[in-house]
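Trainee: Required output: the full structure, derived from the provided sequences and hints.
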Amino acid sequence: MVTFGRLITAMVTPFAADGSVDYRLAERLAVHLVEQGNDAIVVCGTTGESPTLTWEEKYRLFQIVGDAIAPQAKLIAGTGSNSTRQAAEATNKVVKLGVSGTLQVVPYYNKPPQDGLYQHFVAIAQAAPSPSRVR
Numbered sequence: 011m012v013t014f015g016r017l018i019t020a021m022v023t024p025f026a027a028d029g030s031v032d033y034r035l036a037e038r039l040a041v042h043l044v045e046q047g048n049d050a051i052v053v054c055g056t057t058g059e060s061p062t063l064t065w066e067e068k069y070r071l072f073q074i075v076g077d078a079i080a081p082q083a084k085l086i087a088g089t090g091s092n093s094t095r096q097a098a099e100a101t102n103k104v105v106k107l108g109v110s111g112t113l114q115v116v117p118y119y120n121k122p123p124q125d126g127l128y129q130h131f132v133a134i135a136q137a138a139p140s141p142s143r144v145r
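Residues in the sequence shown are numbered from 11 upward in steps of one, following this note's numbering.
Everything labelled a hint here was simulated from the structure, so no lab data went into it.
Note that the coordinates shown come from a computational prediction; the quantities given were computed from them, not determined experimentally.
Do not take every clue at face value.
[Unchecked claim] Label-pair restraints from in silico Cβ distances:
| id | residue 1 | residue 2 | range |
| --- | --- | --- | --- |
| 1 | A135 | T56 | 15 to 23 Å |
| 2 | A20 | Y119 | 15 to 23 Å |
| 3 | G15 | R38 | 15 to 23 Å |
| 4 | D77 | Q124 | 34 to 42 Å |
| 5 | K121 | W65 | 19 to 27 Å |
| 6 | V12 | Q124 | 20 to 28 Å |
| 7 | Q82 | E59 | 22 to 30 Å |
| 8 | Q96 | V12 | 21 to 29 Å |
| 9 | Y119 | P139 | 20 to 28 Å |
| 10 | V116 | E59 | 15 to 23 Å |
Every residue gets a Cβ at the ideal spot worked out from N, C-alpha and C, and that includes glycine.
Mentor: Structural data, given as structure tokens:
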């Protein structure tokens, strides 16, 4: 079992005045959080505005923040999606980037039955075995 530590913060995603992601500020914020004692950082959870970001923006954030905090802290990447296929593909991609774990969501829009929820998470786990949290 992987432990993520005692203090895990869901990081906000900083934006520039024009609405673009401020990657430099994201890097500085992540380093600051680690300097304050965080053991792990969640990037692109709902606190990080994941529904408003493109996958390209998310992958870039995962790479930048992951590089900035390693090896002092762990990165948990928010790769959850209403789409099982998208969540599985994103999880597979970030596991190859070396993230410590992923954060998944229960499909909140299409609201599958219990067996559908189970199959959703099984498909993600089979696509890219990694420690996951469900929110």
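Trainee: Now tell me if each hint is right for this structure.
Mentor: Here is what the structure says about each hint:
A hinted range of 15 to 23 Å holds for the C-beta pair A135 and T56, which are about 21 Å apart. The hint said 15 to 23 Å for the Cβ distance between A20 and Y119, and at roughly 21 Å that hint holds. Checking the proposed 15 to 23 Å range against G15 and R38 shows it holds: the Cβ atoms sit about 21 Å from each other. Between D77 and Q124, the C-beta spacing of about 39 Å keeps the proposed range 34 to 42 Å intact.
The supplied range of 19 to 27 Å is met by K121 and W65, whose beta-carbon atoms lie about 23 Å from each other. For V12 paired with Q124, a C-beta distance near 26 Å keeps the hint of 20 to 28 Å intact. As the Cβ distance of Q82 to E59 is approximately 25 Å, the hint placing it in 22 to 30 Å holds. In this structure the hint that Q96 and V12 lie 21 to 29 Å apart at CB holds, the actual value being about 24 Å.
Checked against the given bound of 20 to 28 Å, the beta carbons of Y119 and P139, roughly 26 Å apart, stay inside it. Checked against the hint of 15 to 23 Å, the C-beta distance between V116 and E59 comes to roughly 19 Å, which is consistent with it.
Comparing the model with each earlier hint shows no violations; every hint is respected.
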